[in-house]
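Asks: Sequence:
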Amino acid sequence: MLNLSVVLDDAARDNPDHEALVFGDMRLSYAFVNQIANQVANLLRARGVRPGDKVALACPNLPYFPMVYFGILKAGAVVVPLNVLLKRREIAYHLEDSDAKALFCFEGTPELPLGEAGWGAFGDVPDCEHFFLLPATPLATEVPYGESIWAATAGQPDRFETAQTEATDTAVILYTSGTTGRPKGAELTHQNMLLNAMVCDGMFDKADDDVFLAALPLFHAFGQSVILNTGFLRHATVVLMPRFEAGAALDLMLAEKVTFFAGVPTMYWGLLTHEGGHTQEDIERIAGSLTTASSGGAALPLEVLKGFAERFGVNILEGYGLSETSPVACFNRPDRPARAGSIGRPIWGVEMKLVDDDGKDAGDGPGEIAVRGHCVMKGYLGRPEATAEVLREGWFRTGDIARRDEDGYYFIIDRSKDMIIRGGFNVYPREVEEVLMTHPDVSLAAVVGIAHDTHGEEVKAYVIPVHGATTSEDALIAWARENLANYKYPRVVEFRDELPMTATGKILKRELR
Numbered sequence: 001m002l003n004l005s006v007v008l009d010d011a012a013r014d015n016p017d018h019e020a021l022v023f024g025d026m027r028l029s030y031a032f033v034n035q036i037a038n039q040v041a042n043l044l045r046a047r048g049v050r051p052g053d054k055v056a057l058a059c060p061n062l063p064y065f066p067m068v069y070f071g072i073l074k075a076g077a078v079v080v081p082l083n084v085l086l087k088r089r090e091i092a093y094h095l096e097d098s099d100a101k102a103l104f105c106f107e108g109t110p111e112l113p114l115g116e117a118g119w120g121a122f123g124d125v126p127d128c129e130h131f132f133l134l135p136a137t138p139l140a141t142e143v144p145y146g147e148s149i150w151a152a153t154a155g156q157p158d159r160f161e162t163a164q165t166e167a168t169d170t171a172v173i174l175y176t177s178g179t180t181g182r183p184k185g186a187e188l189t190h191q192n193m194l195l196n197a198m199v200c201d202g203m204f205d206k207a208d209d210d211v212f213l214a215a216l217p218l219f220h221a222f223g224q225s226v227i228l229n230t231g232f233l234r235h236a237t238v239v240l241m242p243r244f245e246a247g248a249a250l251d252l253m254l255a256e257k258v259t260f261f262a263g264v265p266t267m268y269w270g271l272l273t274h275e276g277g278h279t280q281e282d283i284e285r286i287a288g289s290l291t292t293a294s295s296g297g298a299a300l301p302l303e304v305l306k307g308f309a310e311r312f313g314v315n316i317l318e319g320y321g322l323s324e325t326s327p328v329a330c331f332n333r334p335d336r337p338a339r340a341g342s343i344g345r346p347i348w349g350v351e352m353k354l355v356d357d358d359g360k361d362a363g364d365g366p367g368e369i370a371v372r373g374h375c376v377m378k379g380y381l382g383r384p385e386a387t388a389e390v391l392r393e394g395w396f397r398t399g400d401i402a403r404r405d406e407d408g409y410y411f412i413i414d415r416s417k418d419m420i421i422r423g424g425f426n427v428y429p430r431e432v433e434e435v436l437m438t439h440p441d442v443s444l445a446a447v448v449g450i451a452h453d454t455h456g457e458e459v460k461a462y463v464i465p466v467h468g469a470t471t472s473e474d475a476l477i478a479w480a481r482e483n484l485a486n487y488k489y490p491r492v493v494e495f496r497d498e499l500p501m502t503a504t505g506k507i508l509k510r511e512l513r
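Oh and the sequence shown: position 254 is 254 in full-length UniProt numbering, straight run, nothing missing.
Keep in mind that the hints were calculated from the coordinates and are not lab data.
Take these hints with a grain of salt, some might be off.
Label pairs and their in silico Cβ distance ranges [unchecked claim]:
#1 P157 / W348: 37 to 45 Å
#2 D474 / Q280: 43 to 51 Å
#3 D361 / A248: 43 to 51 Å
#4 P157 / P440: 53 to 61 Å
#5 A299 / E385: 26 to 34 Å
#6 A287 / S443: 51 to 59 Å
#7 L444 / N15: 53 to 61 Å
#8 G341 / T454: 15 to 23 Å
#9 R491 / Q164: 48 to 56 Å
Cβ coordinates follow ideal geometry from the N, Cα and C atoms, glycine included.
Could you put the whole structure together from the sequences, leaning on the hints where they help?
Replies: See the structure below:
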């Protein structure tokens, strides 16, 4: 038996009174978080959810997330975390594709909107038998739609015997698109997720009383493994930040004496360039507590790396991974010299190599990164052909092009996939293109990433309009905003009479870039 929820069970048994979560004025112990998780597990069992069933969770970084996340796992069910920026049609697709039996959904507030207004009324969503609302008002039992989690769990026992799951059973399904259009669910096992957290715990420096700042979204693999699971494994305190803002993050780092911060490059850029409200003494106090800073999701600009080390006295450690690798596969460990611009070396128990287009060893490259080891997913849910395309003889083909130096450090050169990374979020061009082409005035669309000072990349769409089209470029952007998550819709649209293509009709996106 192996169940990822052991990281909460162990902390609640050994340090029941230690603060597990901090959110605003709330300071919740491991014992309390574990009791609520047990009630959630009992609720699911009572409603007929069985081991192996899928349960979706749509929630920002609020105390609800870990309580429900571990409750689902305790019940032996599979967590399907949903990006809280998704719109109704996107959420409906994820629920249907995963065959989710239940959905736990945050109500949303003006400060923390969740999808479009009123999308929580899920009467038209197929095959979701139970809808539990996570109310914005703490402990509210009466809610405008669905069933309040507090009303549903009232009277449920606060003890639960964790379901016996195998190491190879699926624990979490993370949706990712790759280059194949509609998102695919990467099945990550209890072993995948637990070992990734254990390896991260072993690599990162420990403080006497660790405090992790959860600024990364917990619905993302990076936030789950590196912050939530590693933090709970370490019996640390996790400070929840639902939406990153540099000044507020610095306030929390100062007030809570944060020792561990992980973020995407734009977060570090924000912390480094934020002005106003913090004295040099404040910065020195933050630097005095902070022991570890980790970055991933996109390449970290060298000037940000240098500037952060100078201001906060901590070297940012860069790593690399994907949803399909749980996610950490490669990292600059603190006990080894870091290489600026490098994603580091493979983590313990993981192998990496560079291959050519035919899958043959490319030596030190350049070549496509291939990964194998405990971090690699079991496959894409219900998509054996897509799984076979990326998992070849045990090696996961990432689509990322890199080189390797003489000491085994890897350096990303390019992405063979067309994926765009906007502010640390993955944007998959084909998915955006398919939505754009549902507009009556769009004949053909090609989406690429263009350089952006703060987001790394911005989404741009080249569009061939239909004959007689009346929509404008600005109007199409506004329409896309209504039909795509905020990080996906193109901020730039350019109409063209034709697009550069190969003789076989393939759009030459390299020329568009």
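Asks: Look at the Cβ atoms of A299 and E385 and judge whether their distance stays inside 26 to 34 Å.
Replies: holds (31 Å)
Asks: Do the beta carbons of L444 and N15 sit within 53 to 61 Å of each other?
Replies: holds (58 Å)
Asks: Mind checking the hinted window 48 to 56 Å against the Cβ distance between R491 and Q164?
Replies: 49 Å Cβ-Cβ, so the 48 to 56 Å window holds.
Asks: Could one say that the CB atoms of D474 and Q280 fall in the range 43 to 51 Å?
Replies: holds (44 Å)
Asks: Between the beta carbons of P157 and W348, is the distance compatible with 37 to 45 Å?
Replies: holds (39 Å)
Asks: Can the suggested window of 53 to 61 Å be confirmed for the beta-carbon pair P157 and P440?
Replies: holds (55 Å)
Asks: Taking 51 to 59 Å as the hint, is the beta-carbon distance of A287 and S443 inside that range?
Replies: Roughly 55 Å apart at Cβ, these two residues keep to the hinted range, so it holds.
Asks: 43 to 51 Å was suggested as the range; check whether the CB atoms of D361 and A248 agree with it.
Replies: holds (48 Å)
Asks: Look at the Cβ atoms of G341 and T454 and judge whether their distance stays inside 15 to 23 Å.
Replies: Roughly 20 Å apart at Cβ, these two residues keep to the hinted range, so it holds.
Of the hints listed earlier, there is not a single one the structure fails to meet.
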